[in-house]
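Read off the chains here:
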Amino acid sequence: MAAYLRPKRLEDALATMAEPGWVVLAGGTDHFPARVTHTPDEAILDVTALSELKGIDRMADGGLRLGAGVTWTEVIEAALPPACDGLKAAAREVGGVQIQNRGTIGGNLCNASPAADGVPPLLSLDAEVELASASGTRRLPLGRFILGNRHTARRSNELLVAVHLPAPALEATGRFLKLGARRYLVISIVMVAGTLSRTADGTIVAARLAVGACSAAAVRLPALEAALIGRPVTEAAAALQPSHLDLLRPIDDGRADAPYRRHAAATLVRRCLNELARAA
Amino acid sequence: MLLTLTVNGARRSLDVDPARRLSRMLREDLGLTGTKVGCDAGDCGACTVRLDGRQVCACLVPAAQADGATIVTVEGLADPDGRLSALQRAFHRHGAAQCGICTPGMLMAADDLLAVNSAPDHQAVLDALGGVLCRCTGYLKIVDAVLDVASNAPDPAMPEAGAAVGARVNRLDGHGKLDGRELYGDDQTPAGVMWLRVLRSPHPLADFTLGDIDVWLKITPGVLRVLTASDVPGHNSFGIYPTLKDQPVFAESFVRYRGEAVAGILVEDRAAFEALDLDGFPIAWTPRDALVGTEAGLSPAAEQLHASSPGNVLIRGRVKSGDVEAALAEAAVVVETEIDTPFVEHAYIEPECGWAARDGDRVTVWVTTQTPYMDRDEVAHVLGIAPKDVRVIPSAVGGGFGGKLDQSVQLPLAVAAWVTGRPVATLYHRPESMASSTKRHPARMTASLGAAADGRIIGFKFHGDFDTGAYASWGPTVAGRVPVHAPGPYRVPNVLATSAAVYTNGPPAGAFRGFGVPQAAIAGEALMDRAAERLGLDPLAFRLANALRAGDTTATGQVLHASIGLAACLEALQPRWDDWKPQVAAFNATARATRRGIGIGCMWYGCGNTSMSNPSIFRLGLKPSGRLTLYNGATDIGQGSYTIMAQIAADALGAPLERIDQVWGDTDRTPDAGKTSASRQTFVSGKAAELASRDLRGQILRAVNAGDDATLSFENDCVRVHDKEGERVLALTNLPVDGEGDVLVGEGTFDPPTTPLDGDGQGIPYATYAFAAQIALVEVDTELGTTKVLKMVAAHDVGKAINPTLVEGQIHGGIAQGLGLALMEEYIPGRTENLHDYLIPTVGDMPEIECILIEDPEPLGPYGAKGIGEPALVPTAPAILGAIRHATGADIRRVPALPHRVLAAIHATRHIKEEVE
Ligand SMILES: Cc1cc2nc3c(=O)[nH]c(=O)nc-3n(C[C@H](O)[C@H](O)[C@H](O)COP(=O)(O)OP(=O)(O)OC[C@H]3O[C@@H](n4cnc5c(N)ncnc54)[C@H](O)[C@@H]3O)c2cc1C
Ligand code: FES
Ligand code: FES
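Line by line, the protein sequences give chains F and Z. Offset between the first sequence (1-based) and our numbering: plus 28. Offset between the second sequence (1-based) and our numbering: plus 3.
Hints in this document: simulated from the structure, not taken from any laboratory. Hints are not guaranteed to be accurate.
Listed below are several chain Z residues computed to face chain F (Cβ distance under 10 Å; list not exhaustive) [as the list claims (entries may be wrong)]:
| no. | residue |
| --- | --- |
| 1 | 48 |
| 2 | 112 |
| 3 | 588 |
| 4 | 615 |
| 5 | 788 |
| 6 | 837 |
| 7 | 899 |
Note that beta-carbon positions come from the ideal geometry of N, C-alpha and C, so glycine has one too.
Hey, can you work out the whole structure from these sequences and the hints?
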C-alpha cells in the first residue's frame, strides 16, 4: 500500500511536494471520479488538514483571500460583498449539495476543466492565485494560471494555497448564469459571469465579463469590456456585438454543437448585462 | 492507518487503507450495507451519508478524512429498537421508495435538510435532494414525503379481510428499503469468495488474439485464473429466443460491440478486484470499420454480422389491413414525418452484480434480476446441465426497467463457479454496466397519416428500422410489438405498419419499458397533432373522435370487447386542457423570450407477450399455525408485485392481508411466474394469485362442507368457517405437512388467451390493452432552446387500481423516464458511459403531476386489473414534444430535444415563415 500523508503544517506538505510522484487530494470530488474502473496504488498528499488553505479573510488592503481548501458550501454561507454574488451563484450550481460540501475552490482550479464553474466568476473578480513550494510563493493572475483543458501553470512541486480577490474588483455587482441540459448535477454547456463597477449616476467604470465551456479554458471578453466603459449601465446590453465573442473557440460534443454554444454565450452575456443593470 | 470515528452514535476504531472510499469502509469493514453504491463518481448520490452533520457522497471521501468525524448512515435513522423515524415513516406512507436503492441516499440528504430546517419549503427540498438520482419514482412522492414529515401522520391501517384490493396499503416489503436492511445484489456476498472481473472489448468491431496468459498470470499479483470461451462447459451462447442464441458468454476471436465480454479474470479477493488494472492484459486487437446505425447496417456494402441474417436484418414485423395507399390517395389531409431516436440507457442505480456457488452437481446464482426462471434456463444451457440443477435466487433489485431481463453477471459467474468449484462474486462498475448492458432500440421511423375532411382517420402507414445492435436480445419482440401498436389507440381502417430489427455494431438493444412502442408513439402522435391542425380541429377532440371503443376492430383484426378506457381518459383530461388553453394564450401575449405550449399524447399497450404463451403459476399455502404463505415468483423490481399479489390473494381467500407471509422468487421454492416485463405481472400473475387463492379457499370449504358464501377466520391452529348453517372448524395441527410445511396448498395458473399473427399481422396478439392519455404544459426559452415541463396530467385506464399509491408511483416514474427520452437522454458508446455525461432527470426537472385513474374493468384480469408499468412512459414524450411545437412551432424530428436541436428547429420555422411571407 502506497503512502498517504495528511500533514497539518504547510511546510511539511511543501517538503513532501519537493519529492516527485505525489498526488494531491483535497475534497476528492474530481479525484475519485477519475478512479472508477480501478484503484491505482499511488502516494497521496491530502491537503485538507492544512490551516493555511482554510478560511475566507478580508485583507488589510480591502481584498479578499479565499483559502484553496474553501468548499463551495463555505462560499455560499460566507458573508461576502455583492461583487461575489456571481461566485456564490456558481457555488450553488456546482453539482449537488454533497459536492458543494466537499469540493474546494482549489480543486476546481487545479483540475482545470473547461467547464469548471468556479473559473468565470473568479475571472470576473480579477482573481489571482497564490502558489507555494518549498522554495517560496508566487502569485499569478487566474487567466495565466489556467492554460488549457486540464492544464495549469502549477509546477509539480507547488500547492495552490489561496485565491486573492483584489479590492477594486470587489466594488462592483456580480452575476453568474449557467446553462445545462438539466437541473442539478450538470456539466455546463455554457456559463457566463460578470461584474460591473459604476459611478453613482450609473456610468460603467469597469466591466469584467467571462465565458466558460466555450474554449479550452474560460476567457474574459476584453473587447466587450472596453466597449462598456463610459456607457450608462442601462445600455450595457446594447453594447454587445457578435465580434466581442470572436475569441471563443466552442466545440461540438454530445451536449451541444459549436454554433449553438456561441449563440448561447451571446444570449447569456446579454442577459447577464441586463441583470447587472437591474441590480441596484 | 488506525482511524477513530463515531458511526451512528457508536465509537469505532479500525485499521484501514486511508485512501479507501468511505463508502467501502462502511459497507465492507463495518458491515453497514445500507449505504449504496451506484457509480463511485459522485453522480448518483446513492452513497449519501452525513459527515459531521453535512450530506456527502461517501464514495468521494477518503477514509482518512473521516478520522475523528461523526458519521450517520441510513442504519442510524431508526430508533435502537427498530422503530422507524418520522422521516422514514413519511417515506413509507407516501410510497416514496420503489426499488429502494436510492432511498438511503434520499433519506440522508433529507435528514441533513431537516436537521437545519424543520419546515422546509418545496424549493428547499429540491435543493437538498438535487444530488440524489432516482430512476423509479419520478421524485414526487419523495418530495411529498419530506414535506409531510412534520405532520407525523399515522401509518394507514392494514385492511380488514376482503378490503385489501383497492387499498393504499403500505408496501409490504417497504421496511427494509427504509432502514437499510434490504439485501441487494452486492449486499450479501459470502465471505471468502473469489472475485471475477470481465475483460471487455474497447472496439465496436474487431478481431483479436490472446497472448501468453500464463506469463501475465505470473506477473500480475492476486490473479488466480483467466477464463475464456474454451472454458465454457456447455454452450458458449445465449439469447432470449431459443432459436436466436447468438451472443457468446466470452467472444471467441472477434467482437461485435464495444463492451463485449472477452475473458473472465478471477482474483483472490475484493481488494485485488478493485486494484486490478487490465491495461497490460495480453490481447492484440485488429479493429475493423464498425456499422454505426441502421443505415450502415442495411447498406448493401455492409459486412454481414451474423451468418443467419443476410443484409443484417434480424427480423421483420408487419401488420396490414385494408388498402393504405388507396386511403392516403383519397384522404383530404395527409401528413408525414420522419423521426430519429437514440440508444437510451436504463440507468438503474444498482449495477449488475451477484455471486454463484457450486454444490456438487448443482449451482446457485444470487443475482439482481427481473427474470429468475429465464436465468435458470440460460445458466443450464451454458453449463450443459439440467435446469433443475440450477437455483436462481433474485436479490432485491435496485431497478430494472427491462435491462435486467437479459443475462449479465449470471453466465460468467456460473461458468467460474462451475469450473473452479469455488464461490465467486462480481460487480460491474458503472462504465462497464453502461457499455455492456442492453439499451432501448434507436429507431428511424417514417410515417404518414391520412384523414377525411370530417376528421376520421382513414389510413396510417409506418415503417421503423430499429437498431438491435450486435445481438438479437429482445429485438424480435420489438419488431413484433411495434407494428401492432404503431397506429395508436385509434380506429384506423387502412394500415400498413412494418418494422425491421437491424444488426449493427451498437450495444445490444433489448427490452426497455415499452419494447419500441414509446419510439413509435413519438411518430404517430406527432402526426395526430399535425393532422388535427390541418383539419382545424383541437388535438384532444380529434383524438377523442377517433378513439378506439368497444366493438371496434384493431388493425390486426381483433375486435375489442371490454376495458377500453381511452375515451374516458380523454374526457377526464378535457377540463384541464380547457383551463390551460387560455392560460397559455395569456402568458404568450406578454412573454418575451419564453413561450408556453400544451401537448397531448395517447397510447395503448398490450399486456403480456405478443401472441405467445406466457403463463404464471402461483401457490398459496396454509400452515398448521393458521398463517398463509404466498409462493410469489413475480419478481418485484420496485413496481410492487410483492405487495399487490398479497392484496389480491388475501381478498380472493377472504383472509386479512396481515395473515400472509411470502416466499418470493426462488426458483427452487416458487413456481414459475414468468418475467417482470410486458406490463404482465399484475394482469397475468395477479390472476394466477387470485386463482391459487380461490383454489385454497375451495379446499378449505370442501374440507368442512361449507358453501361458497362462507366467511373464513384464520386462527393459530384452525380455520373457522361461518355460513348460514353456523360455524365449522377446520383443525390444522393434525393434518400432514408438505416439504414447505404447508397443510393445504392452492395453485393457480393463468395464461392470457392470444392467437398467432399471420403474415399480415392478423390475429389476437394480446388478451387486453391498457389505455392512457397525458397532457403536458411546457415553457420553452426561445433564445436558448431549453424546455421546462411545468405540469402534466396523466389519465390511465388500469382496469382496477389494486393499490392506487403504487399505480401513481408507476405513472410518476414513467413520466420521468418519458421526460428523459424527450429532452435529455442519448447514449453514445464510448462517450456517455457514466452518469454525468449520460443525463437522466433529477428532482429539479420534474413537473407537477396529477394522476387520474380510470377503472374500466378487464373481465380476464384479477378484480378487473391490467398493467401500468410501461403504459406510464409511452404518452409522455409525445405530449412534451407536442407542447414544444405548440409553444414555438418547432417540429422536433430527432430526440432528445436538446437545447441546440430545439433552437435549430425554432430557427427553421422562422426561415419557413420568412420564405412564405
Ligand atoms: C457529481 C459531481 C458534480 C460536479 N459538478 C460540478 C459542477 O457543476 N461544476 C464544476 O465546476 N465542477 C463540478 N464538479 C467537479 C468538482 O466537484 C469541482 O471541480 C471541485 O471544486 C473540485 O474540488 P475538490 O476539492 O473535490 O478537488 P479534488 O478532487 O480533491 O482535486 C482536484 C484536482 O486538483 C488538485 N488539487 C486540489 N487541491 C489542490 C491544491 N491545493 N494544490 C494543488 N493541487 C490541488 C488535485 O490533485 C486534483 O488533480 C462535480 C463533481 C462531481 C463528482
Ligand atoms: S456511488 Fe457515490 S454518488 Fe454514486
Ligand atoms: S426507488 Fe429510487 S431508484 Fe428505485
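So which of the earlier hints does this model not fit? 3 and 4
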